[in-house]
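Generate the whole structure from the sequences, applying the supplied hints.
As you go down the protein sequences, you meet chains B and U in turn. Here my numbering is used: the first residue of the first sequence is 10, the next is one more, and so on. Here my numbering is used: the first residue of the second sequence is -1, the next is one more, and so on.
Just so you know, not all the hints are guaranteed correct.
Claimed, not checked - Derived CB-CB ranges, DEER-like: (1) G81/U <-> D88/B: 27 to 33 angstroms; (2) D124/B <-> G190/U: 51 to 57 angstroms; (3) A23/U <-> G125/B: 40 to 46 angstroms.
Hints were generated in silico from the structure; no laboratory data involved. Idealized CB from N, CA, C, for every residue including glycine.
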Amino acid sequence: MHELSIVTSVVESVTESLAAYPGARVLEVRLRVGALASVVRESLEFCYGIASEGTALEGSRLVVNVLPVVMHCEKCGKDVELEGVQSFRCPLCGEPCFDLRQGRELEIDSIEIEDGKEAA
Amino acid sequence: MTTRIVELRQGILKKNDELAAGLRASYAVAGVTVLNLVSSPGTGKTAFLEWTLTEMRKRGVRVAALVGDLETDNDARRLASSGAPVRQINTHGICHLDAEMIGKHLDGWKLADLDYLFIENVGNLVCPSSYDLGEAIRVVLLSVTEGEDKPLKYPTMFNSADAAVITKMDLAIPCGFDRWAALKNINEIRPGIKIFETSVKSGVGLEEWLGYLKQKRDLP
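The following block contains the structure:
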């Protein structure tokens, strides 16, 4: 529902980072989004086109890497990946899990840019 | 032309997270316990909060509230009848409160004069889950009229909550509310979470809720 504000923040952050690379063109922006981050990949991609229009990011590709939920199972003593977000139990032993280790990420991972001038 | 990968590794909501961290620090300095109340529209957040503010004030507890809605100050007027300081935040279309809105609306309030600050979020079980307001306790509310599978439909919100409140328990029987299914679903998404089954009409569960609030403040 709030994907447009999310991608608008992405465009602003990347634009700030580009100050270090004058004249560079952005080819791709890669995000890491946890399965519990409450955002929808398709909606992010759709909104990205609108948010990047008229910026140095216009025409670039948005790649959304969705990360599964990882919980720490106390009984098994290790981190376990959940198959979905309908049950927060260890898939190995069935015990409830309380300690979330991955799944709420909402991050810009990296960008791929083309330098503004000919390579030496 | 050369292409290269630049690692950024930064939170998309970095600005909000930084502001929220600042708020959290100022709440700690002032010694105020801050709660963020989230639910669907119509769950009864305002009625629940109105009762909570009124009752706590009767017991000499210093409370205040911020309330978020897209439009109108109806909820702030309702909550103000408790006698507590209340401010309305109108988001004008934005589906959640963020840390910047909270910071702006706290301007002029002396937080050190408060024991508890309640933030009633915009009625929405999706977007508010992403925005940290610096709160110590996130409370998710669910009414018996909404269906027992709400936690399964909105796992992000329920999984990020510290306590769950079921409202309108006085309507449980007419609504055919399956209590065990609701409790099981909440526990499936957030194992071990504290759950309060309440009604501001009948009074059920409310003393337990106040006890929880007191205990949260007594703890170091």
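Verification of the supplied hints:
1. G81/U <-> D88/B: 27 to 33 angstroms: 49 angstroms, violated
2. D124/B <-> G190/U: 51 to 57 angstroms: 53 angstroms, holds
3. A23/U <-> G125/B: 40 to 46 angstroms: At 41 angstroms between Cβs, range holds.
Against the hints set out earlier in the document, a violation occurs for number 1 only.
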